[in-house]
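One line per chain: the protein sequences are A and B, in this order. Anchor point for the first sequence: position 214 equals 213 in numbering that gives the first Met the number 0, and the numbering is continuous, going up by one each time. Anchor point for the second sequence: position 104 equals 103 in numbering that gives the first Met the number 0, and the numbering is continuous, going up by one each time.
If you're looking for bench data, these hints aren't it; they were derived computationally from the structure. One thing to keep in mind: the hints can contain errors.
Claimed, not checked - Distance windows between CB atoms, simulated:
{"id": "1", "chain 1": "B", "residue 1": "43", "chain 2": "A", "residue 2": "76", "range": "29 to 37 Å"}
{"id": "2", "chain 1": "A", "residue 1": "137", "chain 2": "B", "residue 2": "110", "range": "25 to 33 Å"}
{"id": "3", "chain 1": "A", "residue 1": "215", "chain 2": "B", "residue 2": "117", "range": "25 to 33 Å"}
{"id": "4", "chain 1": "A", "residue 1": "127", "chain 2": "B", "residue 2": "53", "range": "49 to 57 Å"}
C-beta: ideal position from N, C-alpha, C; glycine also.
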Amino acid sequence: MEKILIQISLKKTIYTSEGSSVLDINLDISNKSLITLFGRSGAGKTTILRMIAGLTKPESGKIIFDDSVWFESATKTNIKPQFRDLGFVFQDYALFPNMTVREHLNYAQSIKDDNYISELMETFGLNSFESKKPQFLSGGQKQKLSLARALARKPKLLLLDEPLSALDNESRINLQEEILKAHRLFSTATILVSHDLDEISRLSDKVYNLENGTLTEGNV
Amino acid sequence: MNEGFFEPFRLSLQLAFFTTLILFIIGIPLAYYLSYSTNRFKILLQVILSMPLVLPPSVLGFYLLLLFSPNSFLGKIITSLFDTQLAFSFAGILIGSIIFNFPFMVNSLESGFSNLPSSLREASYTLGKSSFTTLRRILLPNIKPALLTGICLTFAHTIGEFGVILMIGGSIPGKTRVASLAVYDEVQALNLDRAQEYSLYLFLFSFIILTVIYSINKDFFKWKKY
Chain A
0 MEKILIQISL
10 KKTIYTSEGS
20 SVLDINLDIS
30 NKSLITLFGR
40 SGAGKTTILR
50 MIAGLTKPES
60 GKIIFDDSVW
70 FESATKTNIK
80 PQFRDLGFVF
90 QDYALFPNMT
100 VREHLNYAQS
110 IKDDNYISEL
120 METFGLNSFE
130 SKKPQFLSGG
140 QKQKLSLARA
150 LARKPKLLLL
160 DEPLSALDNE
170 SRINLQEEIL
180 KAHRLFSTAT
190 ILVSHDLDEI
200 SRLSDKVYNL
210 ENGTLTEGNV
Chain B
0 MNEGFFEPFR
10 LSLQLAFFTT
20 LILFIIGIPL
30 AYYLSYSTNR
40 FKILLQVILS
50 MPLVLPPSVL
60 GFYLLLLFSP
70 NSFLGKIITS
80 LFDTQLAFSF
90 AGILIGSIIF
100 NFPFMVNSLE
110 SGFSNLPSSL
120 REASYTLGKS
130 SFTTLRRILL
140 PNIKPALLTG
150 ICLTFAHTIG
160 EFGVILMIGG
170 SIPGKTRVAS
180 LAVYDEVQAL
190 NLDRAQEYSL
200 YLFLFSFIIL
210 TVIYSINKDF
220 FKWKKY
């Protein structure tokens, strides 16, 4: 039986243009699995990722990660994002305008490991851009850098917020392959959020549908 | 032009340099707090720091003069500790100048922080970096134009200060008589040629500083389009 890496049980009121609704999420994710959270825009998918990362505070519930408590409302435990072993790929890439491609990867590492950085650059085809700053990269290259940066500190959990939404068709197909390659190579448990059932959803171990604030396991 | 002609300029530059330096050091943590704190009382701090924008300089100068007077509580402490007084001294006009220029430095830095996408800060946190490392390596390098604007505005505004300095410092040659006060004194003494010269220098200086600020911001917005 596969080991459960993270257990999530959270409640949070979210406010959208259509009024407020309550997210009531229960989710167990096993080690090294790839899951997709699917739902329409504004359903609260990004909020779920942000709560897991510690960027948004849930109202109640708990997050247990690998036997350590990240969040527990009953005991008022809320571990800072810095101390959660995860990588986050933001929808707007969130690349640092002052850093080159290589500097991004160096910055992301807590323990310097040049071989690993070279491996990441190789895997994501970033070698020819290593001294370029983000403003000189294409959308697809930015997304790859964002993915490589999130993996640079070797997290056990990778969160991807709509990684394919801003890309053209060719880049989408390309990046889908990159995500799967990274997932296989680095054996990182991955949660991917999407408002569109892409190819990647069909390649996921599980797909969950977020509707009316709750998650239901869907057919892959 | 005799030797004394440039004395007020030297004092103005000295005052502007120290005001800018000190405000830069205390402005960064203050602007950081104002940009990111969710404390509901921070609005009070914002109001207090912005008061010099709307308060007549004479009013601020008057209150500071009362505070600095040797008979006040603060004045007594200063006198017993340093055997000096703040009223009519360079240290006094420096403190007044720092308070008066708070909004020029802090507002510039605060708008720099607020204009950065919050995801940059959050991305750094999810990479395990502390708030301080994030400030030093991500936030400050990406708000360079705001830093430069804050520095230039504070410096230029200190050079142009009049009311607060006159109230706190009087106009003591070599001590508190800065260039802007020298213009006033020369007009009072009907030395219009001298006043003309001081004014021309101040005009040119302000013109250059503002040109620098606008050039920096123009380049920044070009860069930001990416």
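Here is what the structure says about each hint:
1. Range check, residue 43 of chain B to residue 76 of chain A: about 32 Å between beta-carbon atoms, so the 29 to 37 Å window is met.
2. Here the CB-CB span from residue 137 of chain A to residue 110 of chain B is close to 30 Å, well matched to the stated 25 to 33 Å.
3. About 31 Å separates the C-beta atoms of residue 215 of chain A and residue 117 of chain B, a value consistent with the hinted range of 25 to 33 Å.
4. Range check, residue 127 of chain A to residue 53 of chain B: Cβ separation about 55 Å, and the 49 to 57 Å hint holds.
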